[in-house]
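Student: Each chain, written out:
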Amino acid sequence: MFILRFKKIFFALAIILVIGSLAGIIVKGFNWGIDFTGGSVIEIQYTAAVPSSAQVSATVKTLLPDASVQQVGEKGFLIRTAVLTQIEKDELLKNITSTGEFTEKRFNTIGPSVGKELRTKSIISIILISIAITLFVAFAFRSISRPIASWKYGVIVITVLLHDIIIPAGFFAWSGIQVDTLFVVGILTILGVSVNDTIVVFDRIRENLTRFHGGKNALPFTEIIGKSISETFTRSIMTSVTVLLALLALVIFGPESTRNLSITMFLGMFFGTYSSIFVAAPLLVVWNNWQENRALTQGKK
Amino acid sequence: MWKQRIIAVILLAAAVGLGFLVYNTEMKKTKTFRLGLDLSGGTHLVYNADVSGVPQAQVTDSLSTLREVIEKRVNGLGISEATVTNETTTLTGTREYRLVVDLPGITDVQKALDIIGQTPLLEFKIENPDFDPNKQLVVTPDMIKDGQIDLSQAMQGSMPFIQTGLTGQYLESATLEFNPTTSAPTVGLQFDAEGSKKFEEITKNNIGKSVAIYLDGEPISTPMVNEAISGGRAVINGDFTPEEARQLVGRLNSGALPVPVTLVSTESIGPTLGADALRAGMHAGLIGLIAIMVLLVIWYRLPGLIASVSLLAYSIIMLALFKYIPVTLTSAGIAGFIISLGMAVDANILIFERMKEELRAGKGLKDAISEGFDRAWTSIRDGNISSMLSAIILFMFGTTLIKGFAIVFGLGVLISMLSAITISRIFLKAIGGSRAGRIKQFLFSSGLSQ
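Sequence lines, in order, name chains Z and P.
Using the working numbering, read the first sequence as starting at 1 and increasing by one per residue.
Using the working numbering, read the second sequence as starting at 1 and increasing by one per residue.
Extracted from the complex, chain Z is given alone in its bound form (with noise of 0.2 angstroms):
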């Protein structure tokens, strides 16, 4: 089975991955959206001629030093601010009405103990899950505790569901858009979505164990493992395949609200699906090869 055999190269480029991701979380950090700092956002649409976005910026900062502008698509303007009051804001509207003729499409204020609510929400969020994941692996696979103990599937389905979800992280860090809430909802959905895919061969390995394990028809550990890749290799791909075009579809076609949740399970599903099939399995050839190295040296002492 070549993942197998060359499963140092796979867990290299998984360990690479994560180490690039992690390094952008740590060293530029997430632009972390008014869901979670607290703040107000102003979309506005151009109705007849359109100024550039530095007159805009410049408009918007005579009043508001702190506050930033973005353009988004061709008319609308996005302004977030620190937490605005409605007189603030009328005001805010009333100057910029020298620089064109708007309509105002959206107002959003969010208080800081709100955000600070969101951000203790999402880490809660995280954890539990990760939590409730590795304990049903482990006692899915409850039955199978030879070779490898069933609590060893958990913690390897957590050590990808890591990988899975620190990748997209990293993405958004080092591309620096706003992460708001959704960029949650799809790290969230990421872990219990790509889990799916270890499972299947988690599952196949299973079956397999109970068939080729001792009796006369008994295959080596990693032999079982490798046979279990193969069978479920195919659907492992489809599966996600057709996840990934509804994705696709959902980022290119789909609302400007729900991109950062598409393009994060975007991602997840796409390492996802990477981690199950060459990053999960052969943990469990390495780990079992480490427990059998282990035993033999103590043996011999």
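Honestly, the hints are just simulated from the structure, not real lab data.
Possibly wrong hints are sitting among the right ones.
What the hints assert, rightly or not - A short, non-exhaustive set of chain P residues, derived as facing chain Z with CB atoms under 7 angstroms:
{"hint": "1", "residue": "T266"}
{"hint": "2", "residue": "I287"}
{"hint": "3", "residue": "I339"}
{"hint": "4", "residue": "G342"}
{"hint": "5", "residue": "L389"}
Glycine residues also receive a C-beta, built at the ideal position from the N, C-alpha and C atoms.
For chain Z, the structure is supplied; the task is to place chain P on it using the hints.
Tutor: Same frame as chain Z, but now just chain P:
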């Protein structure tokens, strides 16, 4: 096998019928999808309730009263689907009580805030005996006390009406009524016992004079008193439009807030932005669906076609559920639905791959189909349970936005699993038969194999 075929035809007809129902009710607007604020346009307001002045034991009570009062005011707006909910959070370190108000269709935040925030001040005033229309407002030095002007003294004589002490505080209820002769909208008032006594006294002492009804400092009606009125019933014949009269009734009935509230977050989405998002979401869904079906048919041939039909049936079932549960659709929810389209195929693919393995192992088509289903079941089950776990935790912890996604996603996982193991199975068995000729062999193979 004929039994399977009959069931398959019935299923197909049921799916088409359901699809027609979904389409028809949408076109005729008899039962439309319930759209969230981000798609329909509207305002989402979050208030923090300050309960520091309320004894611990009464916090829950005062919060539910708060919710009721706000709900009454909101309903006064005439929005059918406005929702007001209480939320408690301890995640910011201290325990906070929130009130979430969703107002579909209202995009003018200021208007919404005004209506929710205001407690109307209703006053009954009587003619000022010292009133002199020519008298100027004069401030004399003796009116200034501690650096402040005592205006009531200054205005004595310059105001046409004076306070009686009868205010909206003594109101028991207000109702929307119509004048029997002119059918103009009026507001009927019923005072409580104390208010009734005051009202009787005022009317008794002012026969032949006018009594002014002030709302928020403005006179809205100055009827003439013909006789003393007992029983505490009064009618305001303002120049109301029916809309204004209804709003006033709502506001009078809702009374004062039991605890002070502060606005912590607002979100308003213009109707065009929502419509654009909805259109883009439907567009993306349709393209995603077609792309997946094309891929399935090319790669899996006949089973792929079956999976496509089953995917269509899945979509119809989901849309019908959205309508009839009903599920409030948000842009995040639509995204969840589109993602679930991709995932719904998963169970089918697992089954097909398994089926092919069994075929390769030399089993007959019929055995291969049932073996394929049986063996694929454990991984379908385990994979879906993990997705469900995520959906449930997302729902438990989520804000409104996240919940919208979690419901659709969780529902999608569940329904897709059911549709794969029932609908696909019946279709496969109906078409499969027991003998595998060369054509069938080809049709049931996949990818590049012959």
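Student: If a hint holds in the structure, say so; if it does not, say that too.
Tutor: We went through each hint and held it up to the structure:
1. T266: holds (5 angstroms)
2. I287: Holds, about 4 angstroms.
3. I339: Check passed: Cβ of I339/P comes within 6 angstroms of chain Z, closer than 7 angstroms.
4. G342: At about 3 angstroms, which falls below the 7 angstroms cut-off, the nearest Cβ of chain Z leaves the hint on G342/P intact, so it holds.
5. L389: OK, holds: L389/P within 7 angstroms of chain Z, min 5 angstroms.
Every hint, counting from the list given before, is met by this structure.
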